[in-house]
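Visitor: The primary structure of each chain is shown beneath.
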Amino acid sequence: MSQMQEYEKVLSSSDTSVAAFEEHGKSFVKRAQHFLHSTPAAVPLIVLMLSIIIFGIAIGGRFFSSYTLTLILQQIAIVGILGAAQTLVILTAGIDLSIGVIMVISAVIMGNCAITYGMPTLLAVIVGLAAGGACGLLNGLLVAYMKLPPFIVTLGTWNIVMATNFIYSANETIRDADVDAQAPLLHLFAMSFRVGSAVLTAGVIATVVLVAVLWYVLNHTAWGRHVYAVGDDPEAAKLSGIQTKSVLIAVYTLAGLIAAFAAWVSIGRNGSISPSAAVTDYNLQAITATVIGGISLFGGRGSILGTLFGAMIVGVVSMGLNMLGADPQWKVLLTGVLIIGAVAIDQWIRKVSV
Amino acid sequence: MTQQAVLTARGLTKRYGRVTALNNCDFDLYPGEILAVIGDNGAGKSTLIKAISGAVHPDEGVIELDGKHVHFKSPIEAREAGIETVYQNLALSPALSIADNMFLGREIRKPGPLGRWLRMLDRPAMEKRARDKLTELGLMTIQNISQAVETLSGGQRQGVAVARAAAFGSKVVIMDEPTAALGVKESRRVLELILDVKKRGLPIVLISHNMPHVFEVADRIHIHRLGRRLCVVDPKQISMSDAVALMTGAKKPPEDALAA
Numbered sequence: 001m002s003q004m005q006e007y008e009k010v011l012s013s014s015d016t017s018v019a020a021f022e023e024h025g026k027s028f029v030k031r032a033q034h035f036l037h038s039t040p041a042a043v044p045l046i047v048l049m050l051s052i053i054i055f056g057i058a059i060g061g062r063f064f065s066s067y068t069l070t071l072i073l074q075q076i077a078i079v080g081i082l083g084a085a086q087t088l089v090i091l092t093a094g095i096d097l098s099i100g101v102i103m104v105i106s107a108v109i110m111g112n113c114a115i116t117y118g119m120p121t122l123l124a125v126i127v128g129l130a131a132g133g134a135c136g137l138l139n140g141l142l143v144a145y146m147k148l149p150p151f152i153v154t155l156g157t158w159n160i161v162m163a164t165n166f167i168y169s170a171n172e173t174i175r176d177a178d179v180d181a182q183a184p185l186l187h188l189f190a191m192s193f194r195v196g197s198a199v200l201t202a203g204v205i206a207t208v209v210l211v212a213v214l215w216y217v218l219n220h221t222a223w224g225r226h227v228y229a230v231g232d233d234p235e236a237a238k239l240s241g242i243q244t245k246s247v248l249i250a251v252y253t254l255a256g257l258i259a260a261f262a263a264w265v266s267i268g269r270n271g272s273i274s275p276s277a278a279v280t281d282y283n284l285q286a287i288t289a290t291v292i293g294g295i296s297l298f299g300g301r302g303s304i305l306g307t308l309f310g311a312m313i314v315g316v317v318s319m320g321l322n323m324l325g326a327d328p329q330w331k332v333l334l335t336g337v338l339i340i341g342a343v344a345i346d347q348w349i350r351k352v353s354v
Numbered sequence: 355m356t357q358q359a360v361l362t363a364r365g366l367t368k369r370y371g372r373v374t375a376l377n378n379c380d381f382d383l384y385p386g387e388i389l390a391v392i393g394d395n396g397a398g399k400s401t402l403i404k405a406i407s408g409a410v411h412p413d414e415g416v417i418e419l420d421g422k423h424v425h426f427k428s429p430i431e432a433r434e435a436g437i438e439t440v441y442q443n444l445a446l447s448p449a450l451s452i453a454d455n456m457f458l459g460r461e462i463r464k465p466g467p468l469g470r471w472l473r474m475l476d477r478p479a480m481e482k483r484a485r486d487k488l489t490e491l492g493l494m495t496i497q498n499i500s501q502a503v504e505t506l507s508g509g510q511r512q513g514v515a516v517a518r519a520a521a522f523g524s525k526v527v528i529m530d531e532p533t534a535a536l537g538v539k540e541s542r543r544v545l546e547l548i549l550d551v552k553k554r555g556l557p558i559v560l561i562s563h564n565m566p567h568v569f570e571v572a573d574r575i576h577i578h579r580l581g582r583r584l585c586v587v588d589p590k591q592i593s594m595s596d597a598v599a600l601m602t603g604a605k606k607p608p609e610d611a612l613a614a
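Just so you know, the protein sequences line up as chains X and P, in that order. Residue numbers for the first sequence follow the working numbering, beginning at 1 and rising by one. Residue numbers for the second sequence follow the working numbering, beginning at 355 and rising by one.
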């Protein structure tokens, strides 16, 4: 082989075994930090368990009833779905502020198509999903090709879509009874099953299935790995041969599509279809669930299961405080504390690598 | 030269606004050789490498691979054509595992329906091949192939990037400062690997500031200065100090140097 430099001669007797170190020197805190680093959904799961236990003790048996716990699930289904969409975007180090209004305009389009224009309901649903996907595609094109910051792009489309929603619908609500009479398929996700005193709706099941599917895609397919890589270090991802633009476009489009799916679920939950729902801060609720769920706003880190736990934490806290008869503002205050706590923990866990 | 070049570039020019990074630059790489590219900081070495690896589109000039015109729109096209690059910044995703990084952009899917319809990744196969490659490189200090790259030391990260290129390159392997962050033992391993790759018949482009390393392994040295090829020299016929003198402009190149 090559002629060695003098100081390199001793290399031939180098150790060739795989390195191993004794770990007893590590403190419990260090080991916990390592565990949390490799298992990003653990923090929200622990917080969820703790909040269930705390409210369970404070309120008593009423809280632990399967009826109450499944009611929480029904309440968080929509935010859970929107949070799943938001997770995809945040994993690429972006943010989607338009996700809530995309859901509302998709619901209005589904309702109008089915009831006002008399289309077959299934077609109306497809048109609604396509509208949501198109809004997401617009976001994706602006982020990937115009290279505008996602915050600005979606701040813009948030306003554009909200205004379009009010202009298009003339702010007219489609009544629950009309939906039931003419397009019962739109109420599909209101279908409920009773298991003892537990009540599960199709919406809850859809949320869990959606998160499970996305979890599989993100962790066990090449595309999912690319989503993480793009959020982690876009330059490195590009040099590794990932088509970062198509990944970004796919992520924003999928987020819009999922928001439109949330619209279908929300029609089931609310009964009527109201364009004025566009003023509700669904986008911020979805971001809250995502952040409490441990998805890093800097991209590339976190597990989508955490988002579901994050949405459940908010649900448990608000239900618990409600049952305790507390002022609803306490829920808002606690949510704020949870957000800051979650981001602080995220920063602490990251230090494991430094 | 009677042999046909594997990779040729003629008249490459690349400007970034008012800065000219490449100025009518030529480049030739012959089969089975190790061509070192040396030059001062800012001479345009990295831009040259990016142009031939598809990461940068030259404003002017042509690139030929095996005598055929190529226009790489992205590094992935260059990789598909068989040009594998180890970038100076390594192009690794810190939060992903070693195995995921090595197979980023060309993942192995599970055989059968799981892979075809559910697109499931074959993690065990990817991890085994990654482990084999790293062992071949002598990177034994990596304990766990599924640990995140950000938990590795700088030298270990370099090793992962070099192993990735060595594992996949089929026509040309380009290495931008492959030994810059490595320890004595790892540098030696990388140099041995470079010679190993050469033995398999693959030509290598080596960009380095480390003159002893360059003079040890290179067959020819391309000296880059002010955005273009100043001359090509034979390391057996020139001293290190002369090479440095040429590179920094302290000395004019000999008349026949381009023919080396």
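By construction, these hints were calculated from the structure, which means they are not laboratory data. Watch out, some of these pointers could steer you wrong.
To be verified - If the Cβ cut is set under 7 Å, some of the chain X residues that face chain P in the computed set are: (1) H220; (2) T221; (3) G300; (4) R301.
Heads up, the beta-carbon is just placed ideally off N, CA and C, and yes, glycines get one too.
Visitor: Does each hint hold? Answer for all of them.
Guide: Do the hints match the structure? See the list:
1. For X/H220, the interface hint holds, the least distance from its beta-carbon to any beta-carbon of chain P being 5 Å, beneath 7 Å.
2. Evaluation of the X/T221 hint against chain P yields a held restraint, the C-beta minimum of about 4 Å falling below 7 Å.
3. Annotation: X/G300 was flagged as interfacial toward chain P, and the flag holds, the nearest CB pair being 5 Å apart, inside 7 Å.
4. Hint on X/R301 holds. Least Cβ distance to chain P is approximately 5 Å, under the 7 Å limit.
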